[in-house]
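Enquirer: Put together the whole structure using the sequences plus the hints.
Respectively, the protein sequence lines represent chains S and X.
Heads up, the first sequence is in the working numbering, so the first residue is 19 and it goes up one at a time.
Heads up, the second sequence is in the working numbering, so the first residue is 28 and it goes up one at a time.
The hints are simulated quantities; they were obtained by calculation from the structure and are not laboratory data.
Keep in mind that this is a model prediction, so the values were computed, not measured.
Be aware that a few hints might be false.
Subject to a maximum C-alpha distance of 16 Å in a straight line, what follows is the list of computed EDC-like cross-link-like pairs (lysine to aspartate or glutamate) [stated by the list, open to error]:
1) X:Lys98 <-> S:Asp339
2) S:Lys345 <-> X:Glu104
3) X:Lys98 <-> S:Asp344
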Amino acid sequence: MQVEELVEEKTATKRTENISGSVAVLEALIAENVQTIFGYPGGAIMPIYDALYDYNDKLEHILVRHEQGAIHAAQGFARTSGKVGVVFATSGPGATNLVTGLADAMIDSTPLVCITGQVFAHLLGTDAFQETDVINITTPVTKWNYQVTDANEIPHVLAKAFHIAGTGRPGPVLIDITKNAQLQKFDYSGYIKCNHIRSYRPKPIVRKEYIEQAAAIINNAKKPFVIFGQGVILGKAEKEFKRFIEKGGLPAAWTIMGMSAIPTDHPLGVGMLGMHGNYGPNVLTNECDALIAVGMRFDDRVTGRLDKYAKQAQIIHLDIDPAEIDKNVKTTVPVWGDCKETLPLLTQLIEEKQHTEWLNKFKAYSQKEMDIVIQHELNPSSDVMTMGEVINTINELTNGDAIIVTDVGQHQMVACRYAKMNHSKSNITSGGLGTMGFALPAAIGAKYGDPQRTVIAVIGDGGVQMTIQELGTIMQFNVDVKILILNNEFLGMVRQWQQLFHEKRYSFVNITSPNFVQVAKGYGIAGNSINKRADLKNALQTMLQHNGSYLLEVMVGKENNVFPMVPQGRGVAEIVLSKEEI
Amino acid sequence: MLTAVKTKKQMKQEYTITVYTENQVGLVNRIAIIFSRRKINIESLNTSPTESENVHRFTIVVIETEDVVKKLCRQIEKQVEVLKAYYNTNDEIVWQEMGLFKVPTDVIAAKVKVERLLHEYGARAIAIRKDYIVFETTGHSEEIERLIKALEPYGLIEFVRSARIAIIKSSKGFHEKLIEYEKQTADALVENEYLDKQEEVFTM
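Expert: Laid out in structure tokens, this is it:
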């Protein structure tokens with residue numbers, strides 16, 4: 019029944035042609051304006067790869083070294099391009115290797131369409147070679163998934179897949195296609211894009227009443243505080259958001275995923291929220307009288323202890339996903355809807371104001387953070403380099419115009435704390451899932467997603483070894499990615515926790531690394547390793563000016579900690595600036 | 028009064044969740060994992076067609092707080108193939124469950140008391156064989172459980188109880204709603220539960 023529902027009435031004169039399911043897949047991708055696919059072939063997806071042989075001029079396929087690399091690359095692509103990322107993988111291990119990336123894309127709302135091959139339909143459930151129950155394995159980590167066993171289903175199922183992945187709150191979709199369906203010839207009458215599924219409501223209706231109530235709260239507030247997440251970027255509502263905060267004179271802090279939606283040096287931008295965010299926004303969350311959350315989901319890393327979170331404030335939550343309202347934090351006024359639509363409505367109703375005194379309070383906290391933390395990070399007294407000064411030197415050299423792709427751990431927090439970003443979609447990181455190994459493949463995709471911009475992958479010595487095989491992809495396709503390894507010879511974030519909360523019992527955080535420059539050389543990638551401050555600027559300059567990919571390893575302090583920090587289980591206002599305060 | 032409302036909301040009780048969905052393979056799993064992921068036990072689950080063609084209905088019983096059930100429903104509604112999810116307390120629904128009992132024929136023949144018992148519970152024989160009789164009864168789970176207890180001393184061979192089926196007292200059926208769903212483009216339709224329950228929700 020759903021089949022009929024999607025396929026519109028065809029005119030009797032419409033010609034059909036006899037094509038295979040595989041060709042229909044590729045035609046669908048072209049109709050959806052897909053140009054780049056990240057994938058890896060295998061037995062059960064061979065018919066699609068066979069068809070791809072003839073589509074070389076229309077579709078660019080990037081052969082990765084591991085399917086996890088393919089899906090992270092597609093995520094990077096989706097995040098810098100704003101389009102849907104596309105992945106091909108085979109059945110069994112090919113498909114299970116996608117699971118981490120699916121979970122990552124699910125929690126960070128990244129639009130993906132993953133196409134996996136599957137064994138012949140008649141072999142389903144027989145434990146056939148490379149058969150695995152991909153649909154059930156991926157159900158919790160996909161926005162939607164579907165198994166195709168008949169080629170006739172392919173056009174409308176793919177149309178549905180792209181519609182679901184890219185609309186509303188975006189997310190990953192997986193389509194599992196049995197080999198017989200890929201081979202099967204059927205009467206194809208063209209591709210019709212899907213724009214309505216009766217059981218799927220991408221965005222809730224905008225209610226005027228909520229907007230009015232929210233505006234009233236904002237207009238009456240003495241200390242309004244805006245916190246925003248990736249929803250602003252996903253909703254392509256950067257301009258609308260800027261107008262909103264500028265009209266209301268509203269100080270605004272970003273979550274890690276919302277970073278770069280406004281330039282990081284915007285006068286109303288007061289920094290990053292969360293466990294390793296900035297001092298002011300965390301402390302003042304518990305002092306504001308109106309907390310306006312835009313396109314964010316009150317992650318525990320942002321809120322700390324919920325029963326000590328913004329209890330004094332009236333809370334306005336703008337979100338496209340009704341399930342996010344009241345999920346973690348009880349809302350005073352929920353503004354359901356796409357922020358691209360709700361923000362302008364709200365902006366219309368709010369009064370033009372400046373909250374100078376309130377903004378100065380943020381500045382005072384910022385100064386304290388500068389004195390106690392930042393200036394030591396950026397101008398260390400010892401010879402040992404800090405991650406912060408490396409990032410700061412990048413700021414100088416790129417002027418904040420680069421895309422920074424980060425992995426997970428201390429370097430990620432430091433990069434997000436110190437990087438300067440002038441353009442939206444500049445911060446690509448694994449925020450919700452915290453996937454080590456994300457950055458290298460994601461940077462490849464990020465470059466394809468926005469080829470004009472410089473892409474710098476900032477990675478720790480631990481994370482880079484999780485997906486280091488993707489250097490092969492960079493080599494084969496000459497992907498111009500700058501790889502910056504911040505090597506502290508430790509799994510730094512876990513070490514920091516062991517130091518602070520486990521009596522310095524360093525349990526398996528001591529990780530050795532290969533000679534990264536030699537490894538890069540093996541892949542034909544130029545590189546350098548430095549351990550002296552005097553070389554830093556030149557080495558970074560060489561990396562940035564190098565024609566093509568480049569790997570730079572910077573040896574940094576082994577036991578440096580990231581501060582400020584909201585220790586787990588504490589309220590945001592209990593943020594500490596140094597380990598002595600813990 | 029406010030505190031009374033709060034405790035009621037925090038109290039665990041039986042909720043019946045009614046979910047209207049498309050009829051698609053794998054949907055049971057998609058809905059079931061919303062519960063299992065949060066380590067919530069499903070007490071009873073029934074799927075059935077509805078008065079609307081191609082719309083399926085899940086009736087799920089859980090023992091939880093209202094807060095949790097509300098969030099569960101939001102997560103269920105988020106699934107692409109789900110049209111709508113409602114949750115109700117027992118006083119808001121009419122519900123039934125069915126029990127089947129297999130009892131040795133000779134016991135029934137010999138003991139008048141058993142016959143009377145079955146009669147009392149409104150059970151009726153649906154299969155009569157030389158060695159056993161299968162009785163059927165419908166009612167609330169407590170009633171069926173009472174009959175089991177009563178029958179146990181008389182050589183109950185086997186028993187099975189169905190999942191709950193329920194009708195929401197205030198529901199006007201899904202037909203009209205479905206027509207709206209089909210006509211309107213997605214964004215025009217989300218109930219405004221906040222505005223309906225404004226006093227409860229707006230705490231300012």
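Enquirer: All hints are to be evaluated individually against the structure, with a verdict given for each.
Expert: Hints, one by one, checked against the model:
1. A threshold of 16 Å between alpha carbons decides the hint, and for X:Lys98 with S:Asp339 the separation of about 12 Å falls inside it, so the pair holds.
2. The straight-line distance between the Cα atoms of S:Lys345 and X:Glu104 is roughly 14 Å, inside the 16 Å bound, and the hint therefore holds.
3. For the given pair, X:Lys98 sits about 8 Å from S:Asp344 by alpha-carbon distance, which is consistent with the 16 Å threshold.
In summary, the structure agrees with every hint in the numbered list given earlier.
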